[in-house]
Structures are given as structure tokens and as C-alpha cells.
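Asker: Sequence:
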Amino acid sequence: MTSETSNVPKRRSKWKALLLLVFVFFLGAIAGVGTCGAIIVAKLKADARNPGGASRPMQRFFDRAEKQLGKELDLDPTERQAVHDELAVTSGRVREIRLNLSRDVRTLARETVDRIASHLTPAKQSLLREKATKHLGPWGLLDAPEPAH
88 MTSETSNVPK RRSKWKALLL LVFVFFLGAI AGVGTCGAII VAKLKADARN PGGASRPMQR
148 FFDRAEKQLG KELDLDPTER QAVHDELAVT SGRVREIRLN LSRDVRTLAR ETVDRIASHL
208 TPAKQSLLRE KATKHLGPWG LLDAPEPAH
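Residue numbers (my numbering): 88 to 236.
If you're looking for bench data, these hints aren't it; they were derived computationally from the structure.
These numbers come from a predicted model, not from an experiment.
Each hint should be verified, as a subset may be incorrect.
Derived DSS-like pairs: lysine-lysine, alpha-carbon spacing no greater than 30 Å straight-line [as the list claims (entries may be wrong)]:
id: 1; residue 1: K130; residue 2: K154
id: 2; residue 1: K211; residue 2: K221
id: 3; residue 1: K221; residue 2: K154
id: 4; residue 1: K101; residue 2: K221
What follows is a list of derived Cβ distance ranges for each label pair [claimed, not checked]:
id: 5; residue 1: K130; residue 2: R202; range: 29 to 35 Å
id: 6; residue 1: D191; residue 2: K158; range: 53 to 59 Å
id: 7; residue 1: L214; residue 2: T194; range: 34 to 40 Å
id: 8; residue 1: T194; residue 2: A104; range: 35 to 41 Å
id: 9; residue 1: R185; residue 2: I127; range: 15 to 21 Å
id: 10; residue 1: L195; residue 2: K130; range: 37 to 43 Å
id: 11; residue 1: A104; residue 2: R151; range: 47 to 53 Å
id: 12; residue 1: E166; residue 2: R143; range: 24 to 30 Å
id: 13; residue 1: A210; residue 2: G119; range: 40 to 46 Å
id: 14; residue 1: L162; residue 2: I203; range: 25 to 31 Å
id: 15; residue 1: L215; residue 2: R190; range: 20 to 26 Å
id: 16; residue 1: F112; residue 2: E166; range: 27 to 33 Å
Note that the Cβ used here is the ideal one computed from N, Cα and C, for glycine as well.
Could you build the full structure based on these sequences and the hints that come with them?
Answerer: Printed below as a string of C-alpha cells:
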């Protein structure tokens, strides 16, 4: 009986240690996912508010494409300059499309809120606009001024 009694505390301590290990693992996973999610959302909101500032990854793509074309096609300096110029034109067009898209999405958001509000009572219209500003404002969809053409 003494050997059975002495095994019970050892078994319990092993289970406690295992449960503690699992608990710490899940806390770490939750913290990691939460932190990563918060960083991604912050980055997406910043890019939505300032679409012109989000062109660095696209510029890196064009720079890499230019280098790779130069190597793989063994371009001479004149051809390299022509490739550079053409990719610069394309890069500018991509930036323009992104800016226009951002403006169009903001306009669409405002129009959607206005269309929905037209079906509501004045009190509900006010509440809708308050909620829309709260949820869409951080993304730059309602409070950003229209850019001039």
C-alpha cells in the first residue's frame, strides 16, 4: 500500500506539469496569432489610408524584374536603359491605378452609406453615419478628402 500511495503524488505532479505545459503553449500561440493579426491589420489600414506610400513592394518587383531581364537577356547598356524606361512607365501606371482604385473605393463607400441612409428615418441615418465612420474611418474610407484630379 505504501508504494501505491507514493505513486499518486508523482502521477498528479506529472499531469499538472503536462497541463501547465499545454496551457503555456496555447497562451503563446494565442499571443503570437493576436500580435501578428494586429500588425497585419495596422499595415492594411495604413496602406488603405495612404495608397501611394504602399508602392515600395511593387517598386522592388520592377527593380528585380529589370535586373533579371538584364542578366537573362544579356542586354547592352542601350537595351538596359530602354528596359528601365519602359518599366518606369509601367510602374507609374500601376501607381496611378492604385491611387484611382483607392479614390473609387472611398467614393463607393460614401455612396453606399448614402443609399442605405435614404431608406432610413433621420434618427437611424444619424446612427448609420456614426457607425459607418467608426468602422470605415480607420480604413480611410469615409473621412479622407477627395484627391484633386
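Asker: Would you mind marking each hint as holding or not holding in the structure?
Answerer: These are the hints, each one checked on the structure:
no., hint, in the structure
1, K130 x K154, "holds, 28 Å"
2, K211 x K221, "holds, 15 Å"
3, K221 x K154, "violated, 45 Å"
4, K101 x K221, "violated, 50 Å"
5, K130 x R202: 29 to 35 Å, "holds, 30 Å"
6, D191 x K158: 53 to 59 Å, "violated, 38 Å"
7, L214 x T194: 34 to 40 Å, "violated, 23 Å"
8, T194 x A104: 35 to 41 Å, "violated, 59 Å"
9, R185 x I127: 15 to 21 Å, "holds, 19 Å"
10, L195 x K130: 37 to 43 Å, "violated, 22 Å"
11, A104 x R151: 47 to 53 Å, "holds, 50 Å"
12, E166 x R143: 24 to 30 Å, "holds, 26 Å"
13, A210 x G119: 40 to 46 Å, "holds, 44 Å"
14, L162 x I203: 25 to 31 Å, "violated, 55 Å"
15, L215 x R190: 20 to 26 Å, "holds, 23 Å"
16, F112 x E166: 27 to 33 Å, "violated, 56 Å"
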